[in-house]
Amino acid sequence: MPAAIPLTLELAGLSTALLLLLGVPLAWGLARGRGWWVEALGAVIALPLVLPPTVLGFYLLILLGPHGPLAPLLALAGLHTLAFSFAGLVIGSVVCSLPFMVQPVRSAFAAIGPAPWEAALTLRAAPWDAFVSVILPLARGGIVTGAILSFAHTLGEFGMVLMLGGDIPGKTEVLSIVIFNDVETLRWPEAGALAAGMAAFSFCVILATLRAEARMARLRA
Amino acid sequence: MSLPRHATRRHLAMLAVLGIVAFGLRPAPARAAETSVAVAADFTVPAKRLVAAFEQKTGDKLALSFGASGQILAQITQGAPYAVFLSADAERPRKLAAMGLAVPGSVFTYAVGRLALWSAQPSLIDSQGKVLQTGRFAHLAIANPQSAPYGAAAVQALKALGVYDAVAPKLVTGENVAQAYQFTASGNAELGFVALSEVLQDKSGSAWVVPQTLYQPIMQDAALLKAGKDDPAARAFLAYLQTPEARAIIRGYGYGTTP
Chain V
1 MPAAIPLTLE LAGLSTALLL LLGVPLAWGL ARGRGWWVEA LGAVIALPLV LPPTVLGFYL
61 LILLGPHGPL APLLALAGLH TLAFSFAGLV IGSVVCSLPF MVQPVRSAFA AIGPAPWEAA
121 LTLRAAPWDA FVSVILPLAR GGIVTGAILS FAHTLGEFGM VLMLGGDIPG KTEVLSIVIF
181 NDVETLRWPE AGALAAGMAA FSFCVILATL RAEARMARLR A
Chain S
1 MSLPRHATRR HLAMLAVLGI VAFGLRPAPA RAAETSVAVA ADFTVPAKRL VAAFEQKTGD
61 KLALSFGASG QILAQITQGA PYAVFLSADA ERPRKLAAMG LAVPGSVFTY AVGRLALWSA
121 QPSLIDSQGK VLQTGRFAHL AIANPQSAPY GAAAVQALKA LGVYDAVAPK LVTGENVAQA
181 YQFTASGNAE LGFVALSEVL QDKSGSAWVV PQTLYQPIMQ DAALLKAGKD DPAARAFLAY
241 LQTPEARAII RGYGYGTTP
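Taken in sequence, the protein lines are chains V and S. Per the working numbering, the very first residue in the first sequence carries number 1; after that it's consecutive. Per the working numbering, the very first residue in the second sequence carries number 1; after that it's consecutive.
Since no wrong hints were added, every one of them can be taken at face value.
Ranges between beta-carbon positions, derived for each pair: (1) V:Gly78 with S:Glu245: 50 to 58 Å; (2) V:Glu39 with S:Ala138: 39 to 47 Å; (3) S:Ala236 with V:Thr54: 33 to 41 Å; (4) V:Gly156 with S:Pro81: 27 to 35 Å; (5) S:Ala138 with V:Ala217: 46 to 54 Å.
Below, a list of computed lysine-lysine pairs in the PhoX-like style, where the Cα atoms sit at most 25 Å apart: (6) S:Lys48 with S:Lys61; (7) V:Lys171 with S:Lys170; (8) V:Lys171 with S:Lys159; (9) S:Lys159 with S:Lys130; (10) S:Lys57 with S:Lys229; (11) S:Lys203 with S:Lys130.
Chain S residues, not near chain V, derived (Cβ > 10 Å throughout): (12) Val51; (13) Ala90; (14) Pro104; (15) Val107; (16) Val112; (17) Pro122; (18) Ser123; (19) Gly129; (20) Gln156; (21) Ser206; (22) Val209; (23) Pro211; (24) Gln216; (25) Lys226; (26) Glu245; (27) Ile249.
Since the hints were derived computationally from the structure, they do not count as laboratory data. In this text, a Cβ means the ideal position worked out from N, Cα and C, and glycines have one as well.
Chain S with its partners taken away, still in its complex shape (with noise of 0.2 Å):
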């Protein structure tokens, strides 16, 4: 703002010149048409191997995005180009469906998710999870209550176990379980509400599966949006993900499968 008027002119092209440097340099498109696959943030790990299985076995290109589901919400509703939503909850597919931005008789459950309370410390998590009783922790991390289905499910056990209201000043607040898990495994928070998927691959530190009693059942639904309804690719990925196959790779992943 205070520069020398010639020292901004020089600077200014200088950077013009990078940028046509950078956009000469940048890789073409491997495929013009890839198909894009928005995957709730909890489901990063399993996606990423079952779109390499998928791959392997069709030869066809997906190209994975993460987010909070609430987030991949907005953006589909803003006409973001994805084929295929894999969502942490069931609602927001069906309110995709409901807005017309998702093919109708798409949506089915793919994986149900476990909810976990974990810390990195070893012995902090007793195998009942008094834990949470007793309160001797600072911060206990959650994923937003309000757009990440973790994040309600932590609530709802934690109201389910009576302590809600002694815990409440401790929580701190991740925009997506991921990000509840990632407070915790910095040790910024001594303990945190996180997926069970996340707690199995990373086996240190002390953990407490929630039973499923003290929430409801966290299902986790798929859909084909309408930005794939033409896109084979899509489809058959959808059709995969139903296999025997696939289901025993999510069920590796801590998850539950539907009948």
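If we strip away everything but chain V, and leave its shape as in the complex, we get (with noise of 0.2 Å):
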């Protein structure tokens, strides 16, 4: 148990790192892209919210796997499969929290419109220098709570990592699955303790998310 707080830390601090960096520019795409691959990409990156965790885990744990079309890359790195590993449990956190990150930034970079991205251009700003210092600053509220929200809900993962994990101290053996286990085998105060720890935790992230979100409103009104 005394492993899994920090490796669940961990996992939800570089999948939402990891996030930032493909997410922030896949809303822009999305909030400026024209035409039905716009709305396309989109569903896409929301199936996650609806399919269940046993669909992505066992999607993952196929194309993650020796026989998947990843294996030849693989095994250039010596691997067998990415199933049963951290790396693998960061893919599928990705994969499962793309959507929370996604859609409030889609909807910061739709809110400012398209109107200080072209003053910006017209006097003269690098594309670069405008997305950095005009755009990236009046987004700001979007991205943070993307970028919480990822968090939280990697934190909380339980059927990807049940799908995929294989369940070992210190490497896949995340919070959710301590708390399961303990279920199983009837160990209820230890799950209770832990059960009401990420109860407190998420309801924090929460109440925190919504106060942010208000103070925008109030800022922007």
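The two chains are supplied separately, each in an independent frame; assemble them into the complex guided by the hints.
Right, here's the structure in full:
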């Protein structure tokens, strides 16, 4: 159990960092893009919201396994499979939490509208500079919300980890799995303590997000 | 969370309509009182076959639920409406009887489980199980030794062979023996300790039937639960499991039966 807390935080932290790198540009493309592919891509990104984690876990188990499309790459790295590894869980968490990052950031970009971006370009700002010094600060609220939600969602991820992780202490045994094992083996006081801790933590995260959003709304008004 | 308010309301209305439609389409329950049987995951296939044979004989309807024995026990203590429990061990039905949740005297051994080391690769496992010593594999799948009897038996066998400490870093744990089998079948784990019954159903790959001297016999016990106390179909099914016909079916799936 003691190893599970830092491991879970590490998984959530690393996944959130990767999601920021991946999700913000994706959200920008979705907010600015025109055409049928925008909604198609948006729908694909939103899929993890509605698919059961068992479906995602099953796909990932095949995809990351020795007979999957990534197998030649894995073999080059001297690996047999990415299942049962921390790296595999990071990939799974990024997939599962992608909508929690992209959705709020996309909304924030859309709310800014095209004017600031076009003004910056008219003033001869390089696109990269305009994005970093004009757009990102304006979308700060959405990006913070996305990061907090992704972090919190990864902390609580269970089904995907159960399908893919193989329950290895220190590598893939995250808090939700520890709680599950405690319940199964009737160690209910331990399960109860961890569950209460997670519930309290999640409450604080959601409260912080809602308060931040309310403050942003007041500032805008 | 950041959706415009009117959009959220429209979506909610749509969801509500969908929910009402789905509720209307929901099939009516086939029978008011279906007898519910909870079965340990390893016994999934034989249980389906036994239930089919029983239903044909008697016309009674049984509904099967599958899970890890530990999970089912936890559910029963919380009031799950199972009438019959086919556990993968002897300890849990005993515990249920002690807690007053199973009918005293109803517990009996319906099958003796056997452990096999199995790989989806045709030549990985030799007839002596020496592969465990040579250690040429990255992952060895077992069921959770704390909650699944086949997992506990796998750990006993590894210790009896004197290789437990050497292979411990390579162990990956499935929630139950069916998941250990699935980890191995998908190739993510090169080999795994599974139920012999699972190996017999799919004769591909390579396997070693673990000698029964290496682990405590996996006595799989059945119990009539409090919820099934007055259910004639539940009692009839438990009686059927002890007939020569049912015992022959059980042995056909790689289990032993007690004399």
